[in-house]
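2 protein chains.
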Amino acid sequence: MMKTYRFLLAGLGNIGRNFLEIICNKEAVLRDRYGVKLIPVAVTDSSGALVNANGIDAAAVIAAKQNKRTLASLSGAVAGMNALDALAACEVDVVFDATPVDLKTGGIGLELTRKALQMGKHVVTANKGPLALAFQELAALSDLSDLGKPGLRFSGAVGGAMPTINVGRSDLAAAHIHRIEAVLNGTTQMILEMMANGTSYDEAIREAISAGIAETDPTLDVEGWDAANKLVIVANAVLRQPTTLADVSVTGINKLRADEVRAVRMLGERMSLLATAEWTGDSYKLTVAPTALPETHPFARLAGQAMAIRYETDIYGTQALTTYEEGPVGSSAAMLRDFLDILRNN
Amino acid sequence: MMKTYRFLLAGLGNIGRNFLEIICNKEAVLRDRYGVKLIPVAVTDSSGALVNANGIDAAAVIAAKQNKRTLASLSGAVAGMNALDALAACEVDVVFDATPVDLKTGGIGLELTRKALQMGKHVVTANKGPLALAFQELAALSDLSDLGKPGLRFSGAVGGAMPTINVGRSDLAAAHIHRIEAVLNGTTQMILEMMANGTSYDEAIREAISAGIAETDPTLDVEGWDAANKLVIVANAVLRQPTTLADVSVTGINKLRADEVRAVRMLGERMSLLATAEWTGDSYKLTVAPTALPETHPFARLAGQAMAIRYETDIYGTQALTTYEEGPVGSSAAMLRDFLDILRNN
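Going line by line, the protein sequences match chains A and B. First residue of the first sequence? That's 3 in the working numbering, and the numbers climb one at a time after it. First residue of the second sequence? That's 3 in the working numbering, and the numbers climb one at a time after it.
Among the clues, some could well be false.
[Stated by the list, open to error] Derived lysine-lysine pairs resembling DSS-like cross-links, with alpha carbons at most 27 Å apart: (1) B/151 to A/151; (2) A/5 to A/106; (3) A/39 to B/5; (4) A/5 to B/106; (5) A/5 to A/151; (6) B/39 to B/5; (7) A/151 to B/106; (8) A/151 to A/117; (9) B/5 to B/151; (10) A/151 to B/5; (11) B/257 to B/5; (12) A/5 to A/123; (13) A/123 to A/151.
Keep in mind the hints are simulated off the structure, nothing from the lab.
Sequences are here, hints too, so could you generate the full structure?
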């Protein structure tokens with residue numbers, strides 16, 4: 003028995019485009035193992051939208067984006083039509099949000115997620131912004147608060163393919179978590195590694211940008227906001243503590259000098275931008291800060307851009323996760339697992 | 003809204019007794035967070051059973067087992083009544099199997115799991131035996147094959163609290179797994195560590211037994227069968243390859259000499275009993291064997307009895323899990339998360 007689901011995909015950057023590719027490449031396993039067929043009926047990028055109730059030609063969209071063309075340049079596309087307009091213009095079962103992170107307002111991703119949930123549509127998002135800004139509001143609209151409401155999943159927003167959220171919420175069910183330690187930002191790992199090897203901070207930034215590891219504006223990474231956002235999502239979703247960015251003490255790596263990072267390395271330690279949550283008896287204290295990890299620390303030898311998280315619990319011992327990913331494919335794949343998880347639970 | 007579930011718990015060794023304790027200690031969080039109340043209406047050990055439709059006095063059972071008394075010595079208990087008899091004698095919603103591992107016949111655990119599923123009861127088991135011997139048969143009776151059938155979960159059977167199975171089945175949904183590497187037996191880790199430090203094999207075994215790390219008969223651990231059983235379960239449940247023990251190439255640590263293990267250590271490497279699954283193009287090749295891990299291998303520095311698993315995939319990169327647990331509480335807690343997972347999916 004095969005069930006068909008129509009979806010809107012907002013955002014065709016690396017995560018969105020790879021998601022479309024995965025849906026195409028995994029058509030057989032989705033059909034044979036999960037009894038599911040996914041049909042894109044609307045896709046959007048910053049230039050406009052393509053809507054077709056009979057299904058969009060995903061291959062044509064993928065090819066256009068790989069060739070750096072806008073969606074609006076495709077035949078049938080509507081220039082200037084945004085994701086909210088597209089949502090109103092078609093019938094979908096689920097919305098995938100891969101729009102860019104906007105930490106000021108949440109951007110179109112927040113409006114889209116809110117509206118879709120209000121309309122009773124499932125939402126899967128890889129976008130940290132709406133979650134970091136409005137977690138409690140979105141949870142209240144979704145199955146996170148009431149199993150009868152539409153599904154909301156976001157595992158790709160916190161560490162790509164690393165099952166950070168699922169392990170914390172489901173595999174540690176009913177646990178008390180004493181402490182979390184996490185390396186949630188791969189870009190700063192790479193920059194700090196270069197600095198430990200003698201490169202200056204400014205030069206390391208330049209190299210990271212030119213290698214495509216850092217954004218052209220690496221502020222969110224190096225000032226610690228990206229890691230802090232992920233910690234806010236973990237605090238809300240796993241620790242169940244209503245949290246916003248203002249609740250996190252954030253120190254970036256941008257004040258570190260290369261000789262400090264080298265000195266730590268000379269001691270056999272490893273400087274990392276560590277995110278921590280510590281139970282203080284009545285709440286969790288949340289911190290992001292550069293931290294010298296002793297050689298014996300399980301995160302002291304993480305390779306390259308690897309990320310990791312450790313949950314110290316009462317009944318499950320200490321559970322640690324590590325992810326090694328190249329590029330954004332893991333975040334795209336996380337959107338697929340999230341959708342399948344919603345189906346299992348609905 | 004609170005839902006009440008009546009359960010049978012078979013087996014009151016460390017895992018079963020700790021499970022009862024967790025149910026008692028977590029009563030408030032089960033009620034407040036999950037809307038669930040769990041009532042034990044039947045418990046069994048090798049001496050007999052205690053059945054009470056109104057609920058058993060769990061504290062009295064826990065105290066008796068802590069004091070090394072048999073269940074049959076408790077007032078109201080029926081000597082010689084086994085888990086199958088108990089299942090027939092009461093109305094339950096779910097059966098928890100914490101009976102001892104029997105790799106020859108599956109023992110009472112296999113009979114109980116089969117019968118309970120046939121009766122439409124959910125089963126949560128921490129017992130590797132029935133799964134290693136009859137995975138495909140039990141899967142066919144449960145929601146592993148058909149979502150309309152009763153739930154079967156067993157995450158505590160493969161690495162205690164480590165979410166080995168859940169991550170493999172759910173968080174890596176639709177992935178192709180190229181390779182698995184895993185350290186699934188903590189006892190051999192401890193014995194090999196002692197041997198690397200100069201202790202002879204025989205002396206290491208004696209020390210491990212007297213420290214309570216190894217069973218009085220450590221054959222299953224040191225000959226590799228415990229790790230192989232867990233790999234069989236992973237192969238069936240995660241790799242979806244119908245597998246029995248006969249399909250695994252198994253070499254234990256019992257033929258190793260201390261000077262070999264020390265020599266590996268001198269090279270900066272670490273001898274571990276490694277379980278691997280390797281995709282060969284049409285199936286997975288399954289192996290358990292002592293393996294010298296280079297210093298840079300992510301498992302080369304696992305502490306104490308820690309266990310770990312790495313999944314190398316096509317779309318989720320490489321995902322690694324590590325667990326640090328003391329005693330069997332993690333396996334007991336895994337039975338609770340499994341039950342909550344069944345509720346979410348049913």
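Against the structure, the hints come out as follows:
no., hint, result
1, B/151 to A/151, "holds, 24 Å"
2, A/5 to A/106, "violated, 39 Å"
3, A/39 to B/5, "violated, 34 Å"
4, A/5 to B/106, "violated, 42 Å"
5, A/5 to A/151, "holds, 20 Å"
6, B/39 to B/5, "holds, 6 Å"
7, A/151 to B/106, "violated, 48 Å"
8, A/151 to A/117, "holds, 13 Å"
9, B/5 to B/151, "holds, 20 Å"
10, A/151 to B/5, "holds, 19 Å"
11, B/257 to B/5, "violated, 53 Å"
12, A/5 to A/123, "holds, 16 Å"
13, A/123 to A/151, "holds, 9 Å"
In this structure, the hints that do not hold are numbers 2, 3, 4, 7 and 11, in rising order.
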